[in-house]
Amino acid sequence: MPGGGVFSGDLDNVMRWVSGAGILLGLASAGILTTVLFRSPDWRVSAAAKWMLLIGLFLLPGVTMLFGNVVGFHKVKNSCTQCHTMDPWIADMKNPKSITLVAKHFQNRWIPDDQCYTCHTGYGLAGNVRAKIGGLSHIAHEYVTGVPEVIHIHRPFAVETCLHCHGESAKYLKIDQHVDAEMSPKILSGELSCFECHASPHPRTKP
Amino acid sequence: MSDGTAPGMPSKTSLRLTTAACLLGLVGLFFSLLHFIWPTPLNFALFMIVGQGSFGLALVAYAFAILKDLRRKKIL
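First to last, the sequence lines map onto chains A and B. Quick note on the working numbering: the first sequence kicks off at 1 and runs consecutively. Quick note on the working numbering: the second sequence kicks off at 1 and runs consecutively.
Quick caveat, the hints were computed from the structure, so don't treat them as lab data. Accuracy of the hints is not assured; some may be wrong.
[As the list claims (entries may be wrong)] Below, in silico cross-link-like pairs of lysine-lysine (DSSO-like), each with a Cα-Cα straight-line distance of 30 Å or less:
| no. | chain 1 | residue 1 | chain 2 | residue 2 |
| --- | --- | --- | --- | --- |
| 1 | B | Lys74 | B | Lys12 |
| 2 | A | Lys50 | B | Lys74 |
| 3 | B | Lys73 | A | Lys50 |
| 4 | A | Lys97 | A | Lys50 |
| 5 | A | Lys50 | B | Lys12 |
| 6 | A | Lys132 | A | Lys94 |
| 7 | A | Lys97 | A | Lys77 |
| 8 | A | Lys94 | A | Lys206 |
| 9 | A | Lys132 | A | Lys174 |
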């Protein structure tokens with residue numbers, strides 16, 4: 001069965017295993033810490049207690065936290081679709097009749113997974129950290145301050161995101177404007193947005 | 001004795017720090033288990049901020065407890 005089975009290498013399945021291991025290690029660690037808490041004070045300074053704390057406070061929770069980050073950063077890539085605010089944009093992306101850039105990328109499987117995250121996260125470590133901080137502000141809006149009626153992108157869409165895939169490709173280089181001596185530096189520096197010439201990736205108003 | 005404990009017994013400060021480390025560790029583990037079982041964006045944020053934060057504090061508390069004991073035994 002392609003992509004199925006308990007031992008399949010499918011990423012979601014691997015994450016299930018990592019989650020399961022994290023739960024087991026976390027429970028084992030909680031058991032050790034509870035045991036230490038309920039023992040007498042003089043036992044807590046014994047060599048046995050020190051070994052237990054080494055395992056229950058350093059080793060097991062360290063691995064649990066690591067697994068938590070691995071699972072969290074994987075799952076969070078799909079979290080845009082969990083918020084009803086984004087429903088119209090997701091519907092437009094998945095609409096086979098839509099001609100927006102995002103719909104074309106989805107329909108043609110140019111970005112097969114994690115479509116929102118792929119385009120709205122800058123490449124490299126700094127980009128990802130910025131995306132995480134942005135995600136935290138979205139959570140604050142969702143649970144604390146409320147989502148504004150009209151939503152805007154935080155900063156102008158980075159041209160590097162488009163160029164990461166399209167730049168230097170044969171199709172890109174065939175277009176005169178892309179290689180024009182005057183325009184090319186402006187495109188590469190971000191001074192000239194891709195959307196000056198190309199259609200907006202999403203509908204301009206709420207779909 | 002600096003904190004009034006009998007010779008051979010752990011210092012009260014060191015015991016308190018160890019207890020605090022265990023409790024903070026349990027808080028951190030609670031949020032990581034919550035996030036593993038219900039991986040929502042909110043639980044992930046709580047795990048990142050509260051869970052890992054209290055786990056970090058637990059490590060600091062236990063490190064201080066060890067330091068205190070080592071100083072008490074005049075190893076450091």
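* Any hints this thing doesn't respect? Which numbers, in order? -> 4 and 9
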